[in-house]
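Peer 1: Work out the full structure, taking the sequences as your base and the hints as a guide.
Protein chains in written order, with this note's numbering: chain F, 1 to 109; chain C, 110 to 226.
Hints listed in this document are in silico derivations from the structure and should not be mistaken for laboratory results. From the three backbone atoms N, C-alpha and C, an ideal C-beta is built for every residue, glycine too. Don't take every hint at face value.
[Said to hold, decoys possible] In silico EDC-like pairs for lysine to aspartate or glutamate, Cα to Cα no more than 20 Å straight-line:
id: 1; chain 1: C; residue 1: K151; chain 2: F; residue 2: D95
id: 2; chain 1: C; residue 1: K151; chain 2: F; residue 2: E2
id: 3; chain 1: C; residue 1: K166; chain 2: F; residue 2: D3
id: 4; chain 1: C; residue 1: K166; chain 2: F; residue 2: D95
id: 5; chain 1: C; residue 1: K151; chain 2: F; residue 2: D26
[Claimed, not checked] Stretch-level coverage of chain F by chain C, calculated; a stretch enters the list once three of its residues show a Cβ under 8 Å from a Cβ in chain C:
id: 6; region: 41-48
id: 7; region: 90-102
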Amino acid sequence: GEDVEQSLFLSVREGDSSVINCTYTDSSSTYLYWYKQEPGAGLQLLTYIFSNMDMKQDQRLTVLLNKKDKHLSLRIADTQTGDSAIYFCAETYTDKLIFGTGTRLQVFP
Amino acid sequence: EPEVTQTPSHQVTQMGQEVILRCVPISNHLYFYWYRQILGQKVEFLVSFYNNEISEKSEIFDDQFSVERPDGSNFTLKIRSTKLEDSAMYFCASRGSDRDFFDSPLHFGNGTRLTVT
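Peer 2: Here it is in structure tokens:
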């Protein structure tokens with residue numbers, strides 16, 4: 001069935017770039033999403049990319065999509081301590097989202 | 110910016126009791142959803158709702174669950190007889206109008222943490 005995979009942890013130094021990776025299975029996904037979840041909080045939509053795009057940039061965030069390999073990445077430039085959170089990748093399947101396990105990003109000074 | 114709001118933020122209930130989780134989707138949205146996240150696990154789809162009926166539901170969404178849009182603004186999830194394993198964070202979400210459905214991301218509320226004791 002549909003599946004979205006992410007690595008569980010990423011640790012980076014403040015000021016460095018973070019790259020969070022995701023692989024998905026459904027090649028017919030129209031949109032792919034990145035959500036951020038801080039401890040005890042809801043799901044904040046960070047950005048999304050339409051499947052006919054390769055790249056989308058939004059301030060410090062860059063999303064890269066490789067449709068052939070079904071690989072999605074989120075790059076956060078100049079990572080700050082406030083970026084520490086869990087980041088979820090999600091693909092659309094029919095009318096719903098299939099979420100990855102989430103990557104816990106820890107930013108240290 | 111308009112947002113999805115959910116109440117209460119935390120609900121504690123005893124096993125076997127009925128609970129109703131409430132959501133107010135973004136006002137011009139037409140598609141509504143419930144997801145849940147058991148602590149430490151993935152966010153899982155429960156149900157989607159459009160035009161006053163369920164569009165799709167997952168295996169999790171059994172006869173103990175129901176959804177309703179009782180008026181023009183609220184969207185509720187009812188669990189008839191709660192079980193310990195229903196303890197989770199429940200997220201409501203909505204997305205756009207018919208016109209912009211395919212360019213309309215899913216917007217989530219902050220969730221209701223349900224604890225069944």
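Peer 1: Would you mind confirming whether the straight-line C-alpha gap from C:K151 to F:E2 stays at or under 20 Å?
Peer 2: Judged against 20 Å, a Cα distance of about 13 Å means the pair holds.
Peer 1: Verify this for me: three or more residues of the region 41-48 of chain F with a beta carbon less than 8 Å from a beta carbon of chain C.
Peer 2: Since three or more residues must qualify, the claim that chain C covers the region 41-48 of chain F holds, with 6 doing so at under 8 Å.
Peer 1: For C:K166 and F:D3, compute the direct alpha-carbon distance and say whether it is at most 20 Å.
Peer 2: Satisfied, since the Cα-Cα distance of roughly 17 Å is no more than 20 Å.
Peer 1: Count residues of the region 90-102 of chain F with a Cβ under 8 Å from any Cβ of chain C, then say if the count reaches three.
Peer 2: holds (count 10)
Peer 1: Need the status of pair C:K151, F:D26: alpha-carbon distance at most 20 Å?
Peer 2: holds, 18 Å
Peer 1: Are the Cα positions of C:K151 and F:D95 separated by 20 Å at most?
Peer 2: holds, 18 Å
Peer 1: Do the alpha carbons of C:K166 and F:D95 lie within 20 Å of each other, as the hint requires?
Peer 2: holds, 10 Å
Checked against the numbered hints above, the structure violates none of them.
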